[in-house]
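Please put together the full structure from these sequences, using the hints given.
As given, the protein sequences belong to chains A and B, one line each in that order.
Going left to right, the first sequence walks through residues 1 to 490 as my numbering numbers them.
Going left to right, the second sequence walks through residues 1 to 530 as my numbering numbers them.
Worth flagging that the hints you see were computed from the coordinates, not collected in a lab.
Note that the Cβ used here is the ideal one computed from N, Cα and C, for glycine as well.
Check before you lean on any hint, since a few could be wrong.
Simulated restraints, written as ranges between beta carbons of each label pair [said to hold, decoys possible]: (1) B:P82 - A:A111: 48 to 54 Å; (2) B:K168 - A:G371: 58 to 64 Å; (3) B:M104 - A:D388: 26 to 32 Å; (4) A:I138 - B:R458: 57 to 63 Å; (5) B:E527 - A:Q98: 44 to 50 Å; (6) A:V92 - B:N419: 30 to 36 Å; (7) A:A104 - B:P65: 43 to 49 Å; (8) A:G406 - B:R458: 54 to 60 Å; (9) A:A111 - B:E66: 39 to 45 Å; (10) A:A22 - B:E527: 58 to 64 Å; (11) A:V101 - B:E415: 28 to 34 Å; (12) A:K24 - B:A160: 51 to 57 Å; (13) A:V101 - B:G375: 26 to 32 Å.
Over 12 Å on every C-beta distance to chain A, these chain B residues come out as not near it, computed from the model [unchecked claim]: (14) I47; (15) A74; (16) Q91; (17) L132; (18) I140; (19) Q268; (20) G284; (21) K348; (22) N419; (23) I445; (24) H449; (25) I493; (26) E528.
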Amino acid sequence: MHDVIIVGSSPNALAAAARLLAAKKRVLVLEPSDHLGGPVSSHEFHPGFWADTALSSAPLHPMIEQELGLSIAVLPRRTVTVIGKAHNASEVSVGRFQKAVLPAAFRNGTALLQALHASPVGDLPNMTGSEAEALSMIGAQLLGLGEREMMEVLRLGFMSARELSLELNLPFADRVALSIGSVYGLNEGPFARTNVWNYLVHEALNDGLSGPQVVGGLGRITALLADKVRSLGGEIEMGLGPLAVDVDAGSAWGVSAGDRTVEAKRIASDLDVQRTFGQLIPPYHLEPECLRRVRQVRYRGNVARVFIALRKQPEFAGVGEEDLLGTLVIANDVESIERAWDEAKRGNLPADPPIFVTLPSRGDPSRAPTGAHVLAVTVLYVPSGWTDRSRVKEAVLRLLGEHAPGIEQWVDHVEVNLPVDLEERFSLTGGQLYGGETNLSQSFFLRSMPGCRGGCTPIENLYLCGSTGHPPGYSGMSGWLSAGNLLATA
Amino acid sequence: MSGYDAIVIGAGHNGLVHAAYLARAGKKVLVLERRPVVGGATITEEIFPGFKFLTGSYLISLLRPEVIRELSLAKHGLELMPLESTLVPLQSGDYFADWPDHDMTREEIARHNRRDADIYPEYAATMKRIALWVKPLLDIAPPNPASNDPRDKMAMAMIAERLRAMSKSDFDLLCRLLTTSAADFLDEWFEGEALKGTKCTSGIIGTFLGPRSAGTGYVLLHHYLGEIDGVFRAWAFPRGGTGAFAQAVYSAARSFGVEVRTNAAVKQVIIKDGVAKGVALENGDEFYARRIISNADAKVTFLNLVDKKELSPDFVNDIRRFRTTSAACKVNLALDGLPTFTSIPKGKEALYRGSIEIAPSIDYVEKAYDDAKYGGWSTRPFMDALIPSLLDPGMAPPGKHVMSLFVQYASSELEGGWNAEKRATFLDIVIDTLSQYSPDIKSKILFKHINTPDELERQFALSSGNIFQGELALHQLFFLKPVPTFAHYKSPIKHLWMCGASTHPGGCITGAPGRNAAMSLLRDFQEESA
Numbered sequence: 001m002h003d004v005i006i007v008g009s010s011p012n013a014l015a016a017a018a019r020l021l022a023a024k025k026r027v028l029v030l031e032p033s034d035h036l037g038g039p040v041s042s043h044e045f046h047p048g049f050w051a052d053t054a055l056s057s058a059p060l061h062p063m064i065e066q067e068l069g070l071s072i073a074v075l076p077r078r079t080v081t082v083i084g085k086a087h088n089a090s091e092v093s094v095g096r097f098q099k100a101v102l103p104a105a106f107r108n109g110t111a112l113l114q115a116l117h118a119s120p121v122g123d124l125p126n127m128t129g130s131e132a133e134a135l136s137m138i139g140a141q142l143l144g145l146g147e148r149e150m151m152e153v154l155r156l157g158f159m160s161a162r163e164l165s166l167e168l169n170l171p172f173a174d175r176v177a178l179s180i181g182s183v184y185g186l187n188e189g190p191f192a193r194t195n196v197w198n199y200l201v202h203e204a205l206n207d208g209l210s211g212p213q214v215v216g217g218l219g220r221i222t223a224l225l226a227d228k229v230r231s232l233g234g235e236i237e238m239g240l241g242p243l244a245v246d247v248d249a250g251s252a253w254g255v256s257a258g259d260r261t262v263e264a265k266r267i268a269s270d271l272d273v274q275r276t277f278g279q280l281i282p283p284y285h286l287e288p289e290c291l292r293r294v295r296q297v298r299y300r301g302n303v304a305r306v307f308i309a310l311r312k313q314p315e316f317a318g319v320g321e322e323d324l325l326g327t328l329v330i331a332n333d334v335e336s337i338e339r340a341w342d343e344a345k346r347g348n349l350p351a352d353p354p355i356f357v358t359l360p361s362r363g364d365p366s367r368a369p370t371g372a373h374v375l376a377v378t379v380l381y382v383p384s385g386w387t388d389r390s391r392v393k394e395a396v397l398r399l400l401g402e403h404a405p406g407i408e409q410w411v412d413h414v415e416v417n418l419p420v421d422l423e424e425r426f427s428l429t430g431g432q433l434y435g436g437e438t439n440l441s442q443s444f445f446l447r448s449m450p451g452c453r454g455g456c457t458p459i460e461n462l463y464l465c466g467s468t469g470h471p472p473g474y475s476g477m478s479g480w481l482s483a484g485n486l487l488a489t490a
Numbered sequence: 001m002s003g004y005d006a007i008v009i010g011a012g013h014n015g016l017v018h019a020a021y022l023a024r025a026g027k028k029v030l031v032l033e034r035r036p037v038v039g040g041a042t043i044t045e046e047i048f049p050g051f052k053f054l055t056g057s058y059l060i061s062l063l064r065p066e067v068i069r070e071l072s073l074a075k076h077g078l079e080l081m082p083l084e085s086t087l088v089p090l091q092s093g094d095y096f097a098d099w100p101d102h103d104m105t106r107e108e109i110a111r112h113n114r115r116d117a118d119i120y121p122e123y124a125a126t127m128k129r130i131a132l133w134v135k136p137l138l139d140i141a142p143p144n145p146a147s148n149d150p151r152d153k154m155a156m157a158m159i160a161e162r163l164r165a166m167s168k169s170d171f172d173l174l175c176r177l178l179t180t181s182a183a184d185f186l187d188e189w190f191e192g193e194a195l196k197g198t199k200c201t202s203g204i205i206g207t208f209l210g211p212r213s214a215g216t217g218y219v220l221l222h223h224y225l226g227e228i229d230g231v232f233r234a235w236a237f238p239r240g241g242t243g244a245f246a247q248a249v250y251s252a253a254r255s256f257g258v259e260v261r262t263n264a265a266v267k268q269v270i271i272k273d274g275v276a277k278g279v280a281l282e283n284g285d286e287f288y289a290r291r292i293i294s295n296a297d298a299k300v301t302f303l304n305l306v307d308k309k310e311l312s313p314d315f316v317n318d319i320r321r322f323r324t325t326s327a328a329c330k331v332n333l334a335l336d337g338l339p340t341f342t343s344i345p346k347g348k349e350a351l352y353r354g355s356i357e358i359a360p361s362i363d364y365v366e367k368a369y370d371d372a373k374y375g376g377w378s379t380r381p382f383m384d385a386l387i388p389s390l391l392d393p394g395m396a397p398p399g400k401h402v403m404s405l406f407v408q409y410a411s412s413e414l415e416g417g418w419n420a421e422k423r424a425t426f427l428d429i430v431i432d433t434l435s436q437y438s439p440d441i442k443s444k445i446l447f448k449h450i451n452t453p454d455e456l457e458r459q460f461a462l463s464s465g466n467i468f469q470g471e472l473a474l475h476q477l478f479f480l481k482p483v484p485t486f487a488h489y490k491s492p493i494k495h496l497w498m499c500g501a502s503t504h505p506g507g508c509i510t511g512a513p514g515r516n517a518a519m520s521l522l523r524d525f526q527e528e529s530a
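Okay, here's the thing in structure tokens:
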């Protein structure tokens, strides 16, 4: 019998597997689909052209990388260049996001979130000794900033990108980049409060607009982790089709695939809460109150990923060679981003959706045939249930054409991944890339869902280990912390 | 002219409450008011002969019961009449009604949605528990979490203790409510559009955000803290209008010996060697006291009344960034008889006596915000209407009526600013919207009056016309209110204090900032003499 079966194979699942194996547990990883890594994967969308499918960046947490002795090659953090029209301006301007001039509270807030992300979530307000200790260390880090800076950090996460931009009188490029970074993955516009928290979350994860590109593609992280798991004696099986967790008297004891059942002392699910308690486990195993909490988690994914195979390197007006190694944000001012959200919340595709673009083949030629290029476009505010691929494609090509004139003649192929496609492909409820929106109201001890902390669930011996828990993202940390908790309670 | 213990700048309700508490403890207090009348935005004005208009605040809900008791306001003429209902006329011609009586409300909810009626008791009980938990925090000076002062440490420990005593599910709910949007929060509980429409309005009152914007959950909670004589979430109308409430506090204050001067606009706080010594009036008079307490909002106080040389650039910046954007305006109508709301059925005429809310759904309110947020105004605004003359016949001549309307969104960020023409146009929009539900209202209007944010600013010295003397937002809440490190009613200027709604716990007719500041100041006096 296995000690632990892990369902799913994102870096969170694999990091959990590695930590458990290092503690001499027998671990089996079961992946329903025919590829490993979940959203941290790459695919060949056109012969010779490779794309990081769901995310433009998802680096492994440096501590985990070090603990596991992995060496993942990444390019430097991306610069962010904003292309668009400022409010009331008639001309398009191109500017660099000057992160360094943001107030110290941004850096202090990011550092604090990094500490929080690497810390197990206490069962607030009644924490165990070690949880309280971990949290009090973060409290001490906060107090150590001094009274003034501490207050500056505290207020930052409560604000909206818009009011913060006004307060700091940020120039066009900075306020647009801050807004896009703040609403990325949220079902909200830049005017809504607390979205700066989301900006800081992605800064802490290092997977936001400036998140670095992984050489060889995101799938490389997954492949290295899977090798590590196997070398530690773990087993990985994939292509199993729909899986079910077997539960008896409120306690999980095995996983079934078709007629086959494998027993284990503990089960850890890398899937989001909704899928764990809707697909892996029949809902009737949960108390009504708990079921209600499952349904309360919000997954309104509104990000589409569009990949374009280009026969030559594109030229964006006013954008330098160097900038093409970074991220290009194409969006007009904060107001127009909010207007795009207005459309999305009514179920419409915005006429001018904000997009951000990377050219992975510029820094890593292995992504495309010689001389050719891959353009990866992240489209914001594509409504969760949107199914019209051609309209998204048209909008993206038109926006690109406006800023890179003539680009259309070099396009060989376009692949559109709508939120519904990402949902289907990676088993992400609502196409939400992080297994639940990463708002302040779904963070920290309110993540994965209230009452489910440290990976524990109401089902005995069943744990959560994915991005749906704390912290969000694919740094492996959620799985790592959950494995730690599992070991502590074993 | 000396010998005062304290000078209070501004005779708004918090200034009067503050002065009354100080005088009650034996202090010699002078209140200086810019206008010819006391009350600030807590006022009843006869703008049109015979008709009493509520040009500022219009209802009482969050008034601390201690204030009524300790200042014996009933003895000084305060008579509160609870509102008996909320009516939401629907676009279909039907209506939704909410009563303080739990079972009646539940029955009405069931008429619209059976499932909502089933869950409603749990919702009501949960919100009451949460409100009960938060309430004691309204009555303390916010502790500074970075401070080593034993008093701060004790208050922090008290809060931590209370948090631990909370059930886990309530704690989670409180944290989510504080950080989410009113719409997301209500969607977790209810399905019915009308019910959610009326409930979501608590999340947007005085706030330039729509119900789908995060940040409105906290505003919703703020408005759930209301309590009249121990009845939760009850709203009351004071006989004679909110101005009568200010008059009751004024009368109480005078009975304790407070001296009040009207037409006495303060020009500047007199500061010597970094210590506030007195105030200079516009007319040249000067008054001196041991403490100066400003009931004006934080921006008016520190950007207008204090010489900037006396303040650090950091502090001035903190005050400048204190958000006061306003989204609300106030309309009053003099009516030649009672208007008809077509959705009110025969036998339910009592609904006229309550609040009438034009908020048929979350989408309606969100659309009203969307219209306004880019510098425009709502083409179909959210409105909270009241016919005060039905509750207190003295508000209008016999057979006539007044109607008070609280209207959003018409903001201080209107493109190009406000002027008489725009005010008139928006007033027409309000009346057109109203006439969709009450077709005969236009024919009954004898006189109409609107206070847009610019007017609220001009008349009541509210920065940007913000009715709460500052936005209700987490980043300027509790120990961050109005600005970080000065949330304890003190200021960087020695002996200059604050007691207005810019300070904790904020706006609405609560009396709490005035009372809390008085408690802190009295202790300060004690320590000084010890």
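Outcome of the hint check:
1. Between P82 (chain B) and A111 (chain A) the beta carbon distance is about 52 Å. The supplied range of 48 to 54 Å therefore holds.
2. About 60 Å separates the C-beta atoms of K168 (chain B) and G371 (chain A), a value consistent with the hinted range of 58 to 64 Å.
3. In this structure the supplied range 26 to 32 Å is violated for M104 (chain B) paired with D388 (chain A), their Cβ-Cβ distance being about 47 Å.
4. Remark: the range hint 57 to 63 Å for I138 (chain A) to R458 (chain B) is contradicted by a beta-carbon distance near 47 Å.
5. Between E527 (chain B) and Q98 (chain A) the CB atoms are about 48 Å apart, so this pair conforms to the stated range of 44 to 50 Å.
6. Checked against the given bound of 30 to 36 Å, the beta carbons of V92 (chain A) and N419 (chain B), roughly 34 Å apart, stay inside it.
7. In this structure the hint that A104 (chain A) and P65 (chain B) lie 43 to 49 Å apart at CB holds, the actual value being about 44 Å.
8. G406 (chain A) and R458 (chain B) have their C-beta atoms about 56 Å apart, which keeps the hinted 54 to 60 Å range intact.
9. Judged by the Cβ atoms, the range 39 to 45 Å given for A111 (chain A) and E66 (chain B) holds: they are separated by roughly 43 Å.
10. Checked against the given bound of 58 to 64 Å, the beta carbons of A22 (chain A) and E527 (chain B), roughly 59 Å apart, stay inside it.
11. Between V101 (chain A) and E415 (chain B) the C-beta distance comes to about 29 Å, which sits within the given range of 28 to 34 Å.
12. For the pair K24 (chain A) and A160 (chain B), the beta carbons lie near 40 Å from each other, so the given range of 51 to 57 Å is not met.
13. Evaluation of the 26 to 32 Å hint for V101 (chain A) and G375 (chain B) yields a pass: the beta carbon distance comes to about 28 Å.
14. Against the 12 Å criterion, I47 (chain B) stays outside the reach of chain A, whose nearest CB is about 35 Å from its own CB.
15. Look at A74 (chain B): its CB is around 39 Å from the nearest CB on chain A, clear of 12 Å, so calling it non-interface holds up.
16. Chain A leaves Q91 (chain B) outside its interface by the beta-carbon criterion, the shortest separation being 18 Å against a cut-off of 12 Å.
17. Listed as outside the interface, L132 (chain B) is consistent with that label: its C-beta sits roughly 17 Å from the nearest C-beta of chain A, beyond the 12 Å cut-off.
18. Under the 12 Å C-beta cut-off, the non-interface status given to I140 (chain B) relative to chain A holds; the minimum distance is some 19 Å.
19. Every C-beta of chain A lies more than 12 Å from that of Q268 (chain B), the closest at about 27 Å, which supports listing it as non-interface.
20. A cut-off of 12 Å between C-beta atoms confirms that G284 (chain B) is not in contact with chain A; the least separation is 38 Å.
21. Non-interface status of K348 (chain B) relative to chain A is upheld: no Cβ of that chain comes within 12 Å, the nearest being about 34 Å off.
22. Residue placement check: N419 (chain B) keeps its beta carbon more than 12 Å from all beta carbons of chain A (closest about 21 Å).
23. Interface exclusion of I445 (chain B) from chain A stands, the closest Cβ pair being 34 Å apart, more than 12 Å.
24. Distance check on H449 (chain B): its Cβ is at least 31 Å (rounded) from any Cβ of chain A, clearing the 12 Å threshold; non-interface status holds.
25. The claim that I493 (chain B) lies off the interface holds: its Cβ sits roughly 18 Å from the closest Cβ of chain A, which is beyond the 12 Å cut-off.
26. Every CB of chain A is more than 12 Å from the CB of E528 (chain B) (nearest about 24 Å), matching its label as outside the interface.
In this structure, the earlier hints numbered 3, 4 and 12 are contradicted, and the remaining ones agree with it.
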